[in-house]
Structures are given as structure tokens and as C-alpha cells.
Amino acid sequence: MQEQTDQIQDQKEHASVKAPERRGEPSNGLSRRKLLAVAGMSGAAVVAQELLANRVGYSQQSTGSGTHDKLYARKTTIAEIGSGMFPVGTILKVSDRGDTIFDVVAGGVPNGLEIVDAGSGKTAVARLSRAVSPKAVGASGGVTADASVYINRLLNLGFDVDCSDDDYRIDNDVIIPSHRTIRGSRSKTFIANGRLCLGIKNSTGEWVASIAPLVYFKQEHYTANGYSRNEITSGVLKKASHIPVQDTSLFSAGDYVYLSNGYADMWRVLSNTSISGIDYLRPHIDLWKAEIHRIRGISGNTLIIDGVLGFDCPLVPKTYGLIPNENSSAASVGFTTPNVEKLVGAKNIRIESLHIVSGNHTPAIFGIGCENVTVSDVTIDAETNTSEEQISFHTSINCKVIGCTARSLGFSVSIRRASTGCLVTDSVFSTGGGADSAVNIWEGAYGNIASNLNIFSFGEPSKLTRGVYFNSSHDNTADNITGHDLLTTINLAFLGSGSKISNIKSVNCDMSFSSYRAFEFNVDGVNHTGFHTLAGNNLAKGFMVENYDCNTFSISNAHQTDLEFTGFVGAFRNVLCLNSHLHNIIAPKCVLYDPIEASRTYRPELVRMDVTDSLFYSGDIRSETFNLSDTRASKYKNTKFLNGFSIKFSHYTEFKDCEFGGTHGAMLDLATFTIFEGCRFRCTGSAVHFGTNPSINRCNIKFRNCMVEAPAYFTNYSDNEPNLVGGNVSPFARGGEEVDILTNYPIIKTYKNTNVFGNQAGWLLV
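Heads up, the sequence shown is in this note's numbering, so the first residue is 1 and it goes up one at a time.
Honestly, I wouldn't trust all of these hints.
Heads up, simulated DSSO-like pairs for lysine-lysine below, C-alpha to C-alpha not over 27 Å straight-line [to be verified]: (1) K752 with K702; (2) K342 with K400; (3) K749 with K656.
No lab work stands behind these hints: they were computed from the structure. The structure displayed is predicted, hence computed values, not measured ones.
When you get a sec, could you build the whole thing from the sequences and use the hints?
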């Protein structure tokens, strides 16, 4: 609706003249007639996307060189119009022969002009109805001559640009204003040593090239737009809709604005491995955050935004002692106040069907603060381009990359700095490992979608990289992503809440999915086939899924069905993660390794790890530290362990309705308060092996309603009843108040502690 309103307003702004009337016909009969432009006298301006046409009679003839005939005077070509032959102020008049045929001639080929406003007078505003070749304004075509000046001329005059007739080359930026289309042909080459730059308006209203800040996360404003940063003048809290600023004179209702809490240079903070991932993810710890909102109204020096702010904007940054105060560093001085920027980038742009060879060290397509840009059916060859990005949107809204192909050393697509509502879909990318990934959604970007992508690798095996990367962002979606010969098909890092990942497919990738310090995400659907070990890369583990230092997430339907692999190939690894929910995982091996101390200090009521309906060939549970007083719990339900399962350095682990196979079904090694309920053991050795520390493992076990098919029920087990009766066992942790004695299994004795937590003397036989 807004786009339609903008188009209507755009038409009205250039429709101050009136439309011609044919003899005996009302003016509205000319709404789509073709016109013959003829040179005339000076008058109103020739502006951007329109030609001003004024009907004259037979007798009004013009003089000058050009093509002549008896009736129409000199015919004007589109090439002449675009070349600037007619100065600003020229009126292009239209001859009326009294019939219904009017033409405008462009290089001998008719090009239609569509009347966009037909009034009751004798003038009309006419708009070109098709794109124009750069050759029409003097470009020679081919890959040796720079055509950027000619393409810019057409765009400035208001024309769309059609590059499908020849190869072209640009050595300088092409600056694309709003409401323009550049189209080409994949059979032709478009050499881009400059950028296709989505224009941004400076303070005088001119379209200029976009320039990005040089430092990750550091809140430099975009000086190219000519606007100073507008600081927020008082602290604003989350869910606020009224934003007080220094000066509202540059803003209007309907403007999009970028709001930031001003935290500086967060890259050094995020990459600080000495900070616990659990601490980093505490909700009350503020890091750099930003959003885009539309101004609903203005009252005095207060902007009223649509919706509400999603974060606090304190005037003095809060660090809580856990995070280094980068805001006070010399490099950050002057950039740390909460601020607002008006988005003044181009909108409603289409770039279609180009075959771009990106040969310089710059992005091929680049935009800041832009809106509703569509890049479709574009091929980009950038194997030698060392720029990090080929298609790049900064702080942009509703931009799309559809049906494209890119082969790049760096990012094929980069969506960053709070961009929102963007889509990358139905595309094929190849990455050479010169940057983090083929598709990177990062720097606070939110509400974006990557879907239906095939991503390949090329180059040195040690440089293979990620397919889709969500970094320092939130609430983004990835669906139906297929990776080939990558390090990781999808990777999350430093992630805020709300991201959703589904239908990952990996072919010969070292990892299908990995996450690091990510918070509140969901993964549904991982299909892992084969592996490709990276030469010289110590990170190459062959894991199907690896999560590290993450918090509150779920992973479902992750499958590596070829269980003949050995080692870690296809393994499921969950390391130092809090409150994870794993469902329908099929993997040759699992490593489930959790942090006890962190769980006790951060929301200890949460379940440590919850695994259901899964199948592992083998694996183990372990904890970062061993502490009998910890309160966390890991639970497994309806899960099969086909070749034994090791429980190491773990506390209060519960298995319900699970099945164990192998030599020993479950092997305990410093495992306390382990619970088996309704489980089935089909083993060639024993159901449970109590390991090398039976004095700890034996005394903290529940074994209820289980079925054992094994030569021995238990190995290395010794009766702990004397210690219970003697009051030498503490009932640590929830569930630790009951202990089973298995000496005469299947007859079980159960002791229960009826006294307060930690009382060793309260054990009674029940």
C-alpha cells in the first residue's frame, strides 16, 4: 500500500501541466497514445522520468538540423534527449496530424511514451514505458570502454536501463536513484570494476554513492548521506514509542529511522572467549542493539515511532563488570550515545538478468538505507574479487535476492546493520573461503529469511567455509539450505533469540549445523550425508551437529542414517549448553557435554538437557566439572543406544523407556544419582558397568521396571547398603533422596531419605 501511495505521489509531483485534447475527443482518450516529439521553444523543465509534451498545430514548425518531413518538423530521438542536447527548460512539442498514430523515434526504433496525467488543457506529462540502451546516449558497448557515465546519464534523466543488447563495462560507480530498473542478459557480460550503487540522498537532496563505516559494530554514522547523527537526549527504556532527540527538523512522518543504543565496537566484546557464554546470554546484559522503525508522528523534539523499541537506550552504557567497557576506549569516543539516523537510501529498484563479472575490490551491488530493492536472475563471477561482499544491504528494508547465482571469494550476499524484512531465495552460491560464508546475516539484522539455497565450495580445502551464517543477529529464518563440501552448512554465533532453522541438507560437509554462544533458537530437520575432512584444519570433526556454549534451544529430526561410519563422522555434539531439547536425533555417536557450575548459577530450575525419540550408535554424557551438590538434570526418553553409552562426570541423569545394546549398555564413570526407569538392555556383557569408581557410581542409582537380556546384570557393582544404614551417604540434588540396592536383582531394595536436604542420617528402607 505504501509503495502504491509513493508512486501516486511521484506522479502528482510531475503532473502540474495539463494533457492535450485531440480534435473532437475528450482528453482522457489519450491515456496511452504514442507521441512524436518535436523541438520547440523554451518553457517548463524537462525532469527526471518524464518528457513534457505540448500539442501544437500544423503551422508550428521548428528549425534546426535533424530528420525532417513536410508535416512534423524535426524528429527528436531518445539519444538526443539523453545526451543533453536540449537544455533544462526546453518544451518538447507534439505534432497532431489529426489521426491516432503518434511516434517517438529512438535510433530508428519506436519507443512508447505513456501519458501519466491527462488534464483538460493542452499539455501532458509523458513517461517512457520501456528501458533504454546505454548506446542511445553514446555508449559504444563492449568490455573495453567505460559505460558508467552513460548509464548514470540515463538514470539521472529518469530512464530505466536495458543492457541486454551488448556487453558493457563500468569503471566507476553507477548511482541508482529510486524507481529505476537496470536489466540485462545472462548471455552478455557486464564487467563491474565500479559498483551498482543504490543511491543515497545527501543533505541537498542529490543522489550520491553509499559509503559504509570501516569498523565492525562501531557506531559510526553514514557520513555520505550528509546528515549528522541525531542523538537521543534522555534514556529510553524497552517498549517505549516516544523517542526524544536533539532536532526533529530533518524528520517527517512516514520516514524510516535507524535507532541504536550506541554501544561501541562490540566485535571485541563478542570475540572475547574469556567471557562465559552463559554470562554473555544473561538477559540483563546489554550489548550493541539496533532496530528500524517508521515515524508515526512528531511532537516537539520527540519522534513517535510505530511499534515499540525492543531494547533499552541508556545514556550511560551498562557493563555489569562482565563485559569490557569498550565504550570508554579512545577509538569509541564520540560514538557511544544512543542515536537516530534517518534512512535516505533509494527505494523501489530492480536489477535483473545481468551477468556481472566483479573484478575490483568492491561489492558488485551495494546499498545503505534502501527499501524494496529486488535483485533477480543475476549471475556474479567474483573469484578474484577480495571484497567481503558482492550483494550487500546495510540498514535496509524489504530487499530481495531471487534466483541468483554467485561465485565469490567473499560473501555472495551480506545483510547487515539492523536490516529487516529481507529475503534471499531460490539461488545458488559458491564460496571460496575468503570470508565467513556465502550468505551472512549479521550486525543486528532481524526478521530476514534465507530459503531454497544450494551452496558449494571451491578453492583450497583448508579454506572451505560456511554456507549460511547468522552472526550477532536475531529472529531470522533459514529453510531448505543444502551445502556441498563445506565446513558447515549453517552456523549461528552470538545470536539473540527467535531464529528458526529448518530442512538443512549436507553433502560431504564436515558439519551440517553448528552454533556458538547462541540463545533461544530452533532447528527442525537436518540430513547429513558423507563427510569431507579439511586438510590441515583442526576444526574438522565430521560432526553432523555441534553446539557450544549455547542456551535454551531445540533441535529436532537430525539424521545421519549411515551408522557404519567410525570416529566422530556424523556425530551429534552438544557441549556446555544449557536447557537444550533434542528430539528424533539419529547419529553414529553423540557427545553431550554440559556445564554443571553454570547451570547452578543460572536459572537452576531448568532442565539441563532433554533428549527424546533418538538413536545413537554410541556416545557419552559428561560434565565440565564434577559436583555432587549440583541441581541440574539431563533426561532421555524413548531413545536407543545401540552400542553402549558412557556416563562420565555426570550428576542426576535420567533414562526413561530407553533401549541399550552393545557389550555394556550403560557405563558409569563418576556418575552420581543415575536413574533408569522402564528401560530395556540387550547386551553381550552386562546391563550396567559401574566403571573404575564403583564406590561413587554404586551408591547413587535407581533401577526401576527395567528388562535385562544379558549374561550379567551388573559388573563391578558392590552393595552400598552399609553406607546408607550407617548414615554415610548424602541425599544431594533433587531425586537424590532415593537409592536402590541391586545386589539381589531383580529383587531391589530401596532406601529413602525422609529428612531435610543434605541430612545423611535419614535413610530408611522402604
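These are the hints, each one checked on the structure:
With a C-alpha separation of about 11 Å, the suggested pairing of K752 with K702 holds against the 27 Å cut-off. Between K342 and K400 the alpha-carbon distance is near 21 Å, which keeps this suggested pair within the 27 Å criterion. Restraint check for K749 and K656: the C-alpha separation of about 20 Å stays at or below 27 Å, so the hint holds.
In this structure, every one of the numbered hints holds.
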